[in-house]
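Asker: Top to bottom, those sequences are chains S and E.
Letter by letter, the first sequence follows residues 3 to 261 of our numbering.
Letter by letter, the second sequence follows residues 236 to 434 of our numbering.
Rather than coming from a laboratory, the hints here were simulated on the basis of the structure.
Glycine included, every Cβ here is placed at the ideal spot set by N, Cα and C.
Errors might be hidden in some of the hints.
A short, non-exhaustive set of chain E residues, derived as facing chain S with CB atoms under 10 Å [claimed, not checked]:
1) Arg244
2) Phe247
3) Leu254
4) Asp277
5) Ala315
6) Leu322
7) Gln326
8) Asp329
9) Pro330
10) Ser371
11) Glu374
12) Gly375
13) Thr376
14) Glu377
15) Ile380
16) Thr381
Covered, in the sense of this in silico footprint (three residues per stretch, anywhere, with C-beta under 8 Å from a C-beta of chain E), are these stretches of chain S [claimed, not checked]:
17) 110-122
18) 130-139
19) 148-154
20) 196-202
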Amino acid sequence: MKVGRTPSAHGRRGWRLAIVFTALLCTITTALSLNLPSLSGRVVDQANIVQPSTRNAIEQKLADLETKSGIQLVVATVPSLEGQEIEPYANELFRNWKLGEKTKNNGVLLLVAPNERRVRIEVGYGLEGTLTDALSKVIIANAMTPRFKAGDFGDGISRGVDDIITVLTTDASEWQQRPSLRLDNQQTADPMSWILVAALIALITLLIVSPGFRWFFLNVVLNILISSGRSSRSGGFSGGGSFSGRGGSSGGGGASGSW
Amino acid sequence: MNVSMARIRGVFIATLLGLTLAGCGYNTIPTYEEQAKAKWADVQNNYQRRADLIPNLVATVQGYAKQEREVLTAVVEARAKATQVKLDVSQLTDPVKVKQFQDAQNQLSGALGRLLAVSENYPDLKSNQNFLALQSQLEGTENRITVARRDYIEAVRAYNTELRTFPGVLWASTFFRSNKPMAEFAASENADKPPQVKF
Numbered sequence: 003m004k005v006g007r008t009p010s011a012h013g014r015r016g017w018r019l020a021i022v023f024t025a026l027l028c029t030i031t032t033a034l035s036l037n038l039p040s041l042s043g044r045v046v047d048q049a050n051i052v053q054p055s056t057r058n059a060i061e062q063k064l065a066d067l068e069t070k071s072g073i074q075l076v077v078a079t080v081p082s083l084e085g086q087e088i089e090p091y092a093n094e095l096f097r098n099w100k101l102g103e104k105t106k107n108n109g110v111l112l113l114v115a116p117n118e119r120r121v122r123i124e125v126g127y128g129l130e131g132t133l134t135d136a137l138s139k140v141i142i143a144n145a146m147t148p149r150f151k152a153g154d155f156g157d158g159i160s161r162g163v164d165d166i167i168t169v170l171t172t173d174a175s176e177w178q179q180r181p182s183l184r185l186d187n188q189q190t191a192d193p194m195s196w197i198l199v200a201a202l203i204a205l206i207t208l209l210i211v212s213p214g215f216r217w218f219f220l221n222v223v224l225n226i227l228i229s230s231g232r233s234s235r236s237g238g239f240s241g242g243g244s245f246s247g248r249g250g251s252s253g254g255g256g257a258s259g260s261w
Numbered sequence: 236m237n238v239s240m241a242r243i244r245g246v247f248i249a250t251l252l253g254l255t256l257a258g259c260g261y262n263t264i265p266t267y268e269e270q271a272k273a274k275w276a277d278v279q280n281n282y283q284r285r286a287d288l289i290p291n292l293v294a295t296v297q298g299y300a301k302q303e304r305e306v307l308t309a310v311v312e313a314r315a316k317a318t319q320v321k322l323d324v325s326q327l328t329d330p331v332k333v334k335q336f337q338d339a340q341n342q343l344s345g346a347l348g349r350l351l352a353v354s355e356n357y358p359d360l361k362s363n364q365n366f367l368a369l370q371s372q373l374e375g376t377e378n379r380i381t382v383a384r385r386d387y388i389e390a391v392r393a394y395n396t397e398l399r400t401f402p403g404v405l406w407a408s409t410f411f412r413s414n415k416p417m418a419e420f421a422a423s424e425n426a427d428k429p430p431q432v433k434f
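Just chain S, same shape as in the assembly:
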């Protein structure tokens, strides 16, 4: 009895291990595609170009903006764009951080790459009508690049943030009424949970009643296991400290500049 059971149990465990391993491998390879900084706060100063006092002042303004309007504006500085243009990098970072609310997509990312001498304002889908490309360009050209040229990054970023906030808040009544422009992601599956409960009851009953069904059930479970392993790859951002993105997305709106 014991001798007969061990090899089959071994075989099954081997299978399961193989599946888990493959899923893990997939997760690791996708995670390695770009080395993006993590969202540690409203000002992510990886390039270390903003004075702590300036940084605190900016963070306060950004927090006020979010409590007042729900808009998530984040400042990021990076030491390197890793050989990419600033536009795709900013878009990838924005989507990775999921700035803005999921239904409103009201996030803005101000990205500065001092070593590449590039700056970009990446605007979420929901704010494209307020913070337009032309306005973003004007903010970059007037408030930021002249100060960056002089080497004063803290002041340039601070002025840029002020201007962005001004643009975003002058017409508050208008954007609040704006319907969510896009619902890229699937709606939450609330009715599904009821179906799942019903399914579970039905399943258990059937497992008890019909022995022929048990074999079939094993296949289903295996299938679900495999597909859930696959979908976990697209898993969301797990918060950094007290601040995290809320599921917003961007489609490349905004403007870039150099100095």
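Could you slot chain E onto chain S? The hints should help.
Answerer: Chain E only, in chain S's frame:
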């Protein structure tokens, strides 16, 4: 007793079959297809947005650089052609149609690039506020086109993969036999690099 038991069993099996279908990915193919179509709508919207910006741009450049008639007409013609080549969502599986659409848009990109290069030679034009605004809008639109295209390519890849891999291939060969893979987008000279509208 026996009859009612069998009936209950029948209902259970029917519900379960439905759930199993969903669990085994019956919904995946239609879901991916709809996602790809939605992404395509984004691509098309952004191309349309670009086309809408061009008349204004041409008018502004004309005011400062009348002698560049050749370049200006090339843009106008390319725009007319690009807006004529429409691609319906039902035609996304047709590689010839997709290529036609792409070629027309690429031609417009080329003409537009030449126009912006030429406008470099006119300092008055370059400092015109209207031109600067149009230029940043055009830049933004080109970037949006790049993003939308990338998203669409990704959605098509997911859909096509689902049609060809297990367990999707089972559904594709039974219930969704009419679902064909969508044509790959890209595969042209400079498709992977967006036309640069920089100064």
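Asker: Each of the hints needs a verdict: does it hold here or not?
Answerer: Here is how each hint holds up against the structure:
Here the hint on Arg244/E is kept, as its CB sits about 7 Å from the closest CB of chain S, short of 10 Å. The beta carbon of Phe247/E comes within 5 Å of a beta carbon in chain S, closer than 10 Å, and the hint placing it at the interface holds. With its C-beta approaching chain S no nearer than about 5 Å, Leu254/E sits inside the 10 Å limit, and its interface hint holds. Interface restraint check for Asp277/E: the shortest CB-CB distance to chain S comes to about 7 Å, inside 10 Å, so the restraint holds.
Contact between Ala315/E and chain S, as hinted, is not supported at the beta carbon level, the nearest pair being about 25 Å apart and thus beyond 10 Å. A least Cβ separation of about 20 Å between Leu322/E and chain S goes past the 10 Å threshold, and the interface hint is therefore violated. Of the supplied interface hints, the one on Gln326/E is violated, with its beta-carbon coming no nearer than about 24 Å to a beta-carbon of chain S, more than 10 Å. Violation of the interface hint for Asp329/E is found here, the shortest Cβ-Cβ separation to chain S being roughly 26 Å, above the 10 Å cut-off.
Checking Pro330/E against chain S: minimum C-beta separation of about 26 Å lies over 10 Å; hint violated. Taken as an interface hint, Ser371/E checks out: its beta carbon lies about 4 Å from the nearest beta carbon of chain S, inside 10 Å. With its C-beta approaching chain S no nearer than about 7 Å, Glu374/E sits inside the 10 Å limit, and its interface hint holds. Look at Gly375/E: its Cβ gets to within about 3 Å of chain S, closer than 10 Å, so that hint holds up.
With its C-beta approaching chain S no nearer than about 8 Å, Thr376/E sits inside the 10 Å limit, and its interface hint holds. A distance limit of 10 Å between C-beta atoms decides the matter here; for Glu377/E the minimum to chain S is near 9 Å, and the interface restraint holds. The interface hint given for Ile380/E holds, since its Cβ lies 8 Å from the closest Cβ of chain S, which is under the 10 Å cut-off. Hint status for Thr381/E relative to chain S: holds, with the closest Cβ pair at about 7 Å, below 10 Å.
Under a criterion of three residues with beta carbons nearer than 8 Å to beta carbons of chain E, the stated coverage of the region 110-122 of chain S fails, only 0 such residues being counted. Counting residues of the region 130-139 of chain S whose beta-carbon sits less than 8 Å from any beta-carbon of chain E gives 5, enough to reach three: the coverage restraint holds. Beta-carbon proximity to chain E at under 8 Å applies to 0 residues in the region 148-154 of chain S; the threshold of 3 is not reached and the given coverage is violated. For the region 196-202 of chain S, the proposed coverage by chain E is satisfied: 3 residues have a C-beta within less than 8 Å of a C-beta in that chain, meeting the threshold of three.
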